[in-house]
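My request is simple: use the sequences and hints to build the entire structure.
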Amino acid sequence: MIMIYKNFLKWQTSVQVFLSRSLIYKANFLAILIIPVFVFFAIQYSLWHSIYSSNPEKEIQGYTLSRMIEYQFWVFIFNLFVRSYFFSENISSHIRLGKISSFLLYPFHFIAYQFSSFISDKIIQFTIASFCFLIIVSMGLVQTPSILDILKFLSFIFLITLYWFFAQIILGFFSFWLEETWSLNTAVRFISAFLSGSILPLEFFPKFLTDLLLWTPFPYLAYFPVQILTGQGGDFFNSLFILLFWVIFLFFLSIKIWKKGLNLYTGTGM
Amino acid sequence: MRQYLQIYKEFFLISLAEELSFRLNFLLQSLMNISFLGVYFLSSFFIFDHVSLIGLWTKEQFLFFLSFALVIDQIHYLLFSFNFWVFSENIRTGYFDFILLKPVSSFFIVFFKEVAITGILTVILTLPILIHFGLKLELSFWIWLSLPVCLFFALALLLGLEVIISLLNFLTVEGMGVNQMRLQIQQLTRWPDFIYKKNIKWFLFPFLAITSIPVHSMLDRSYWFYFIGMMLGVFILWTLILFWLWPKGTRYYESASS
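Going line by line, the protein sequences match chains A and B.
Take my numbering: the last position of the first sequence gets the number 270, and nothing is skipped along the way.
Take my numbering: the last position of the second sequence gets the number 258, and nothing is skipped along the way.
Do not rely on the hints blindly, as some may be mistaken.
As the list claims (entries may be wrong) - In silico DSS-like pairs for lysine-lysine, Cα to Cα no more than 25 Å straight-line:
1. Lys122/A - Lys260/A
2. Lys58/A - Lys113/B
3. Lys58/A - Lys136/B
Stated by the list, open to error - Cβ-to-Cβ under 10 Å is the rule here; a few derived chain B residues that face chain A:
4. Met1
5. Gln3
6. Gln6
7. Leu56
8. Thr58
9. Glu60
10. Gln61
11. Leu121
Said to hold, decoys possible - Listed next, with one range per pair, are the computed distances between beta-carbon atoms:
12. Gly234/A - Val173/B: 41 to 49 Å
13. Leu240/B - Lys260/A: 50 to 58 Å
14. Ile123/A - Ser52/B: 31 to 39 Å
Derived from the structure by calculation, the hints contain no laboratory data.
Bear in mind that the values here come from a model prediction, so they are computed numbers and not experimental data.
Built from N, CA and C at the ideal position, the CB exists for glycine as well.
Put into structure tokens, the structure is as follows:
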């Protein structure tokens, strides 16, 4: 019991330290967190209005203008919940500059320390996203989803958050082999945003590509959770199970890469 | 002028040597740039598989616009983008002190020092795409002749607006947010002005003008009047930056190291 309490204290303190660190430069933090999501939404909103300008009632791949705009609103909320910023670059700089040496001696694992940093960012993100969610629903900009759909959506969000945590630390751990990882991280973000349906709903993709994507984690990282909120969600448990499989896969992969990388670690800067 | 060209040649050679010493990074940055281009082009292709027009533009007109915007992006990436990140880092760490002491213009060192050599590959990739869609639109000889001028002024306007935003680095401690704002401007320039509603369009006018005015002018002669206005605006903007805003900004600089 005492062990659990002591561990809890370590986590609590780390999360608090990271929270206050994130909130020191509030404007900076908000500019990183909110502006890109708003700009992305503004572009998508305007673009689809322009595409449907000749006939708003027209159906394109099953989407009328109002359904497409609803989809984009939910993508906006979804991005506020899950987008991660520069997390893998923090890990990468820890490795490159030899800062992980001290973590090898601390009674708090490096991954746990990074996870507490991730949690603190997510606390702020979840607060902002929930606030925007309430505004959008209360203004009637989207149809109010049922409590059950919100719960399904949140379970996706939980797993997607974990997915991105492990994906980001794996990208960061590549610093054991690479000089820089930011370009790899950026490429992964571009490709994921596209293939997950954040930019375009998957109905717009060629059929062979959509079929192929179902074997990858991408559709479960945006398209499926967003469809749940629009009331078009497919087999919830099946999708959740596939996503869970990918989370577990990335978890084991991250541990494997960490162990392999640590064998190469020379402690630069010690 | 000759002295500055010689210094720039040295900057270029140093960047080249740096890139060549980390070849895998070169590959990864190329992968990043190509995936970036791929996402934009594939998204547009997938949309045009189901619609024939976006606003008033056909597929060829829209893709000509997109290629123009992406050529600007890639030239910007090649010649300038890294400098903005290094600039905010230099302000934060106090390294800007040393730049101020050097016997050449601090503006030149700050915005011209880093060259992202990887960008050469994607500039080479995007230019033929622009030419391809230009040929599909059967642009006249005079329009082809004006293309480099349009690219130059679009890039000059983008760079000028980004410099103004990055001057905020003198007032802030952490520059990541400022750089994010800059990146969002680039996002806006990749879409034509007509997709935005009138009030938003006026609010975003300087940013949308970067790519929309030159491309509209190339596709429709009646827009040349706006392009001349844009050229004038660019001259005024750069005069303001070089003779007023930059010197004023450096006076706000509080050295972090001293």
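Tested hints:
1. In summary, the hint linking Lys122/A to Lys260/A is not supported, as the alpha carbons are separated by about 29 Å, beyond the 25 Å threshold.
2. Proximity of Lys58/A to Lys113/B is assessed by CA-CA distance (about 52 Å); at most 25 Å being required, the pair is judged violated.
3. Distance restraint check for Lys58/A and Lys136/B: the Cα-Cα separation of roughly 29 Å exceeds the 25 Å cut-off, and the hinted pair is therefore not satisfied.
4. Annotation: interface hint on Met1/B violated; nearest CB of chain A at approximately 34 Å, more than 10 Å.
5. For Gln3/B, the suggested interface contact is broken, since its CB lies about 32 Å from the closest CB of chain A, more than 10 Å.
6. Because the smallest distance between the Cβ of Gln6/B and any Cβ of chain A comes to about 29 Å, over 10 Å, the interface hint for this residue is violated.
7. Contact between Leu56/B and chain A, as hinted, is supported at the beta carbon level, the nearest pair being about 9 Å apart and thus within 10 Å.
8. Hint status for Thr58/B: violated, given a least beta-carbon distance of 13 Å to chain A, over 10 Å.
9. The restraint placing Glu60/B at the interface with chain A is violated, with a minimum CB-CB distance near 17 Å, outside the 10 Å limit.
10. A least Cβ separation of about 13 Å between Gln61/B and chain A goes past the 10 Å threshold, and the interface hint is therefore violated.
11. Below 10 Å, beta-carbon pairs count as interface contacts, and Leu121/B has none with chain A, the closest being about 13 Å; its hint is therefore violated.
12. At about 47 Å, the CB distance of Gly234/A to Val173/B agrees with the hint of 41 to 49 Å.
13. For the pair Leu240/B and Lys260/A, the supplied restraint of 50 to 58 Å holds, since their beta-carbon distance comes to about 54 Å.
14. A C-beta distance of roughly 47 Å is found between Ile123/A and Ser52/B, which places it outside the suggested range of 31 to 39 Å.
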